[in-house]
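Enquirer: Hints in hand, dock the two standalone chains.
Protein sequence lines, in the order shown, are assigned to chains A and B. Take the first sequence: its position 282, counting from 1, is numbered 282 in the numbering used here, and each next residue is one higher. Quick note: to get the numbering used here, add 349 to the position in the second sequence (first position is 1).
In short, the hints are calculated from the structure, not lab data. Predicted model only: the values in this text are computed from it and were never measured. Hints are supplied without guarantee of correctness; some may be wrong.
[As the list claims (entries may be wrong)] Facing chain B, according to a computed beta carbon distance under 8 Å, are these residues of chain A, among others:
hint, residue
1, 125
2, 126
3, 189
4, 190
5, 218
6, 262
7, 269
8, 326
9, 329
10, 343
[Said to hold, decoys possible] Derived pair list, reagent style DSS-like, types lysine-lysine, alpha-carbon separation capped at 27 Å:
hint, chain 1, residue 1, chain 2, residue 2
11, A, 194, B, 628
12, A, 37, A, 127
13, A, 194, B, 583
[Claimed, not checked] Chain B residues, not near chain A, derived (Cβ > 12 Å throughout):
hint, residue
14, 361
15, 374
16, 383
17, 440
18, 449
19, 470
20, 502
21, 594
22, 605
23, 638
24, 640
25, 653
For every residue, glycine included, the Cβ atom is placed at its ideal position computed from N, Cα and C.
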Amino acid sequence: MQEPYVLQVKDLHVSFKGQSGMVRAVRGVDINLPKGKTIAIVGESGSGKSVTVKAIMGILARNAVIDQGEIWYEGKDLVKATEEDFYQIRGKKIGLIFQDPLSSLNPLMKIGKQISEVFTVNYSMSKEEAKEKSLELMRAVGIPKAEERYNQYPFQFSGGMRQRIVIAIALANNPDILICDEPTTALDVTVQAKILDLIKQIKEERGISVIFITHDLGVVANMADEVYVMYAGKVVERGTCEEIFLDPRHPYTWALLSSMPDLESKDRLLSIPGTPPNMVSPPKGDAFAARNRYAMQIDLEEEPPMFQVSDTHYAATWLLHPKAPACEMPKFLQDKIRRMREEAQRYAR
Amino acid sequence: MQDNREVLLNVEDLCMEFRSKSRRGTSVVKAIDHVSFQVYKSETFGLVGESGCGKTTTGRAILRLYNPTSGKIELKGRDISGKMTTELRQYIAQNISTVFQDPVESLNPRMTVREIISEGLVVKGITDKAVLDEKVKNILEKVGLTMEHANRYPHEFSGGQRQRIGIARAIVVNPTMVIADEPVSALDVSIQAQVINLLNDLKDELGLTVIFIAHDLSVVKYFSDRIGVMYFGKLVELAESDELYQHPLHPYTKALLSAIPLPNPLIEKGRKIISYDPKAAHDYSVESPTMTEICPGHFVYASPSEAEAYRKERGM
Chain A
1 MQEPYVLQVK
11 DLHVSFKGQS
21 GMVRAVRGVD
31 INLPKGKTIA
41 IVGESGSGKS
51 VTVKAIMGIL
61 ARNAVIDQGE
71 IWYEGKDLVK
81 ATEEDFYQIR
91 GKKIGLIFQD
101 PLSSLNPLMK
111 IGKQISEVFT
121 VNYSMSKEEA
131 KEKSLELMRA
141 VGIPKAEERY
151 NQYPFQFSGG
161 MRQRIVIAIA
171 LANNPDILIC
181 DEPTTALDVT
191 VQAKILDLIK
201 QIKEERGISV
211 IFITHDLGVV
221 ANMADEVYVM
231 YAGKVVERGT
241 CEEIFLDPRH
251 PYTWALLSSM
261 PDLESKDRLL
271 SIPGTPPNMV
281 SPPKGDAFAA
291 RNRYAMQIDL
301 EEEPPMFQVS
311 DTHYAATWLL
321 HPKAPACEMP
331 KFLQDKIRRM
341 REEAQRYAR
Chain B
350 MQDNREVLLN
360 VEDLCMEFRS
370 KSRRGTSVVK
380 AIDHVSFQVY
390 KSETFGLVGE
400 SGCGKTTTGR
410 AILRLYNPTS
420 GKIELKGRDI
430 SGKMTTELRQ
440 YIAQNISTVF
450 QDPVESLNPR
460 MTVREIISEG
470 LVVKGITDKA
480 VLDEKVKNIL
490 EKVGLTMEHA
500 NRYPHEFSGG
510 QRQRIGIARA
520 IVVNPTMVIA
530 DEPVSALDVS
540 IQAQVINLLN
550 DLKDELGLTV
560 IFIAHDLSVV
570 KYFSDRIGVM
580 YFGKLVELAE
590 SDELYQHPLH
600 PYTKALLSAI
610 PLPNPLIEKG
620 RKIISYDPKA
630 AHDYSVESPT
640 MTEICPGHFV
650 YASPSEAEAY
660 RKERGM
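Same shape as in the complex, but just chain B (with noise of 0.2 Å):
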């Protein structure tokens, strides 16, 4: 990349293969394959796809959830992606979270709002009472709910302000990161709004760095700065998101983008929508393709001839 930005984290070349046996032998997933990506820090990072294209896996295999079968990932120079120890675990644990999708299931149905955020701080070594409840108050008092929520357990609350809670876990570690996972794909529409603005106000006050995992291709432009798009296991495309909506390159990112419909009649009733056939969209025969950059920050997982069209595409 063009500028000096510090980079965070940096993954590079993950594969994540799952074998499974059975009677006709083993076979082999490859639900990551030579994936390669940096984020930088203070960005949000966002991973667009379809169900099954791997980018929850690799939200997981960053969390170390997962053993990667082969690859790098380095949080702050540091290779996080060897031989599990204490020490790591310890590491991982201290500088990322994760907000997941399903408010309902990620929280602990038998411990309060005040159990569920102090843990974290806990583990971390905190046991001062006083010092646990400011932190508490705190951090309730930034995600919009007070601290008489505090004694409460996870079904007394709504959808939407139980996903304030999940978001107080998060954050109130003081996480270098933090990786969400669809976080408001199980809200209504309303509530959405409300979640997305906390997250984004959140972001700017804490400088947070966000992975942001969705397959709402509108709520990933509206939130992120760069973009990754996945497809079966690869990253097909990587650009900052208005160079990525206003100049797709790869056809498979054409496709996704052209079926997202937009809430807009006067447009949307005589929208085309393209089709994405990889078989008939490359020839990978003679040349193999990899990332390459087409133009400054903009990746592309195309051949050598492809690229050289996607440049000309793109009038460089």
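Here chain A stands alone, though its shape is the one from the complex (with noise of 0.2 Å):
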């Protein structure tokens, strides 16, 4: 394993065992972890995102296969880890938090109980002691009267805490790893604005890489220092934030950030014609190319490698290819380009 990265992930394949055929969830996805960075997966729903983290954690649901590739975590290769090994990663060294947190919460158990657990469970600690950690950690992540909160159930809590609660159960390990599967869906944009602030300031506290996952493009311009697109279980282009919003180059990037409504104006969206492919059957050549405005002959028949862009930016598009006719991003998407480019400067001034 190379040295700057955590975590790496190296040619996963993913299927599903289905009625009608394997399902290939996910069709080679290589991703790296920097240390003390966040990494933002966008997608729509089954582009893979989630199956990539489950694969991570070792939690794929039992007909899954992983058929083949690489996780390389401190120097294990988790695709091969046993149950046994995993004991000693999941929840320890790599936390999760999900985006529904009040099936992810114990409803019969108090919530002290649920997070003083993972002290007398994991560090066999006395109860007093893991008391006194909880209560730390529930402060940590801004649980007003602390005391009072540890005696109480779970749907005594508003969602933005219970969200709160499930993060300090996950930090309570001191995990290396913070895997966040949009943890803000279910909130209010002024509850979701604070938690995506807390997990900014644990990041930056403890020295957490994050795996943020979500299909909100205004959470990743928020939280992401790289982001990968993904589409029909493959990662399209990734690149640094700025990189994808500002100078994106694979055309569902494009559409991607093109049906997006913004404040700015009324114009109307360009949304993507269809819809995403069946996975028991991935269509030969750019899985996009039957949506895409923008496809050629050869989309159809190869699928496209990841061409360079700069050195943190890649994308998988034929576009890229030297042979490519020159092609630019639509007009529309140009404009509200430039519209936030504007915007940044009257922000600056």
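Expert: Set out below in structure tokens:
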């Protein structure tokens, strides 16, 4: 394993046994997670983003098969790791926060017990010590009146507070990596803003590396250092946040950015025609070709490799091939990016 | 308001209380607390706010799915808030239709698309099969589906297509007004844009009046002509959508707007988020607040002294 990365996913393929055949959910994903950074994985539902992190955590459903690939963490390949190995990693080294805080908490157990359990079970601390530690954590994630709250049940907490508790439990083990699977989708914008700030603050304080899964591009712009755009089980474009938003190269990224309504204009949105492909028999060439206005003949025949745009920016589209005809991003998006720059200038003043 | 646009819906001082009895006595929740607003013909009126602020309840009270505790609702000049009669129910059903959030649960899984769409027409008294077929065909084409889809069941469609069916069902009866309660929040970004474009086209083509309820502020801004912001059952600010986004006055609106994550990494990372604490922001012990017009068409829930400050802020 190379040093600067805490976690490396190499050419991961995951399939599910379905009634109509094997569903190829993830088809060759590479991810590098640098230490102390946040990477965001964006994509529509069914693009394989959740399956990828489930494979990292070793919590894939029983009908899932990892066809090939490697997941390197601390010099070990997690694909080959046994369930016993995962006991030492899951939760302890890699923490996970789910979308719905209510269903990830036990409704019959007091909040305090759910946090302190980590200390009594994993570190065999005494009850008093564990309580002390738990209260400390609850204060750290911003829960007022922690002593009083310690003896309450999940239903007595609001959505935002529940998510804070889930974060506290994830932090109890002092993990190296925190995986957040749409942690704020179920929350109101005002609460979402606070939770995002909390995750950022924790990341800074503890030097944790974060994998952030979301479909909200606004959240991505807020959180991510690096962005991976996934479509139909593949990473189609990756780059720094600025590169993806201001200089996108893949037609899918163009379409994704163009379909977001923005506050500045009332222009007609450029929607993506059609629906994502059926993953039982993924298309032969570029999976996005059927919905792509810029598709060429070769897109239907051969899968594009990752073309390098800069040291940090890669995109899998034939448009970047030296022989491809020059193709500019849609006018709509150019205007949008220009507005983004103008806005930033106005903001700086 | 300054102009003479036709008022289609007039909501005046609407209150909706829910009571629940327990051992400790009766507790009252004021879901809607003295809310007043008007919706003009052919406009889109957006209602935004956090979950639990009463925006959906307002929509449902207008549909008369609830009996309002007090207040008046007038549709085309007729009071529809009074005692429910068969005639009144028919009147409401013919004039207002709804598009719901969840396209899976709001379509009957045992009915074909043809049955779902034509049900409203049959209730209206149209039973001639040829006429029904013609109408179903037209409406399916309008929402981007074809007659081939008519004999299928909802489970055979994707989320975006189901929402199209939901929209077709709502507009086939030629309603005076459509209440769209979070119509796109269950859909993926790429599909969301398709449905938003469709709603926009239909609105222009048919001159629909829409009450658009949502929590996603960028979608509401994109879609609405005027927007009302609700907070804990109260309407705190009401203005044209550009005016509201450029010059928000009520501290809650400011907090809400500052919390929208913008898809722009250049400013998003350094953005300041304003928080709102009603106790610290307002002192209503001396003066009581009312809906006050700060500048033409821009109303804020404020006490007289606050209104003065807002006017200054707005440069009036």
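Enquirer: Each hint needs a verdict: does it hold in this structure or not?
Expert: Evaluated hints:
1. The restraint placing residue 125 of chain A at the interface with chain B is violated, with a minimum CB-CB distance near 36 Å, outside the 8 Å limit.
2. Given hint, residue 126 of chain A at the interface with chain B, is violated; its Cβ is 38 Å from that chain's nearest Cβ, farther than 8 Å.
3. Among the interface hints, the one on residue 189 of chain A holds; its C-beta lies about 4 Å from the nearest C-beta in chain B, closer than the 8 Å criterion.
4. Because the closest C-beta pair between residue 190 of chain A and chain B is about 5 Å apart, less than 8 Å, the hint holds.
5. Given hint, residue 218 of chain A at the interface with chain B, holds; its Cβ is 3 Å from that chain's nearest Cβ, closer than 8 Å.
6. Here the hint on residue 262 of chain A is kept, as its CB sits about 6 Å from the closest CB of chain B, short of 8 Å.
7. Given the 8 Å rule on beta carbons, the hint for residue 269 of chain A holds: about 4 Å separates it from the nearest Cβ of chain B.
8. At about 26 Å, the closest approach between the beta carbon of residue 326 of chain A and any beta carbon in chain B exceeds 8 Å, and the interface hint on this residue is violated.
9. About 15 Å separates the beta-carbon of residue 329 of chain A from the nearest beta-carbon of chain B, more than 8 Å, and the hint is not met.
10. A cut of 8 Å between beta carbons decides the hint on residue 343 of chain A: the least distance to chain B is about 6 Å, and the hint holds.
11. For the given pair, residue 194 of chain A sits about 19 Å from residue 628 of chain B by alpha-carbon distance, which is consistent with the 27 Å threshold.
12. Taking the CA atoms of residue 37 of chain A and residue 127 of chain A, the gap is about 35 Å. The hint is violated against a cut of 27 Å.
13. Under the criterion of a C-alpha separation no larger than 27 Å, the hint pairing residue 194 of chain A with residue 583 of chain B is consistent with the structure, at around 24 Å.
14. A cut-off of 12 Å between C-beta atoms confirms that residue 361 of chain B is not in contact with chain A; the least separation is 28 Å.
15. The beta carbon of residue 374 of chain B is kept farther than 12 Å from every beta carbon of chain A, the shortest such distance being approximately 20 Å.
16. With a least CB separation of 23 Å from chain A, residue 383 of chain B remains clear of the 12 Å interface cut-off, as annotated.
17. A cut-off of 12 Å between C-beta atoms confirms that residue 440 of chain B is not in contact with chain A; the least separation is 34 Å.
18. Annotated as non-interface, residue 449 of chain B keeps its C-beta farther than 12 Å from every C-beta of chain A; the closest such distance is 19 Å.
19. The non-interface label for residue 470 of chain B is consistent with chain A: the shortest C-beta to C-beta separation is roughly 29 Å, beyond 12 Å.
20. Non-interface status of residue 502 of chain B relative to chain A is upheld: no Cβ of that chain comes within 12 Å, the nearest being about 18 Å off.
21. The non-interface label for residue 594 of chain B is inconsistent with chain A: the shortest C-beta to C-beta separation is roughly 6 Å, within 12 Å.
22. With a closest Cβ-Cβ approach of about 6 Å to chain A, residue 605 of chain B is found to fall inside the 12 Å limit, against its non-interface label.
23. For residue 638 of chain B, the shortest C-beta to C-beta distance to chain A comes to about 21 Å, beyond the 12 Å cut-off, and the non-interface label holds.
24. Against chain A, the non-interface label of residue 640 of chain B holds: every CB pair exceeds 12 Å, the least being about 23 Å.
25. Distance to chain A confirms residue 653 of chain B as a non-interface residue, since its nearest Cβ pair spans about 28 Å, more than 12 Å.
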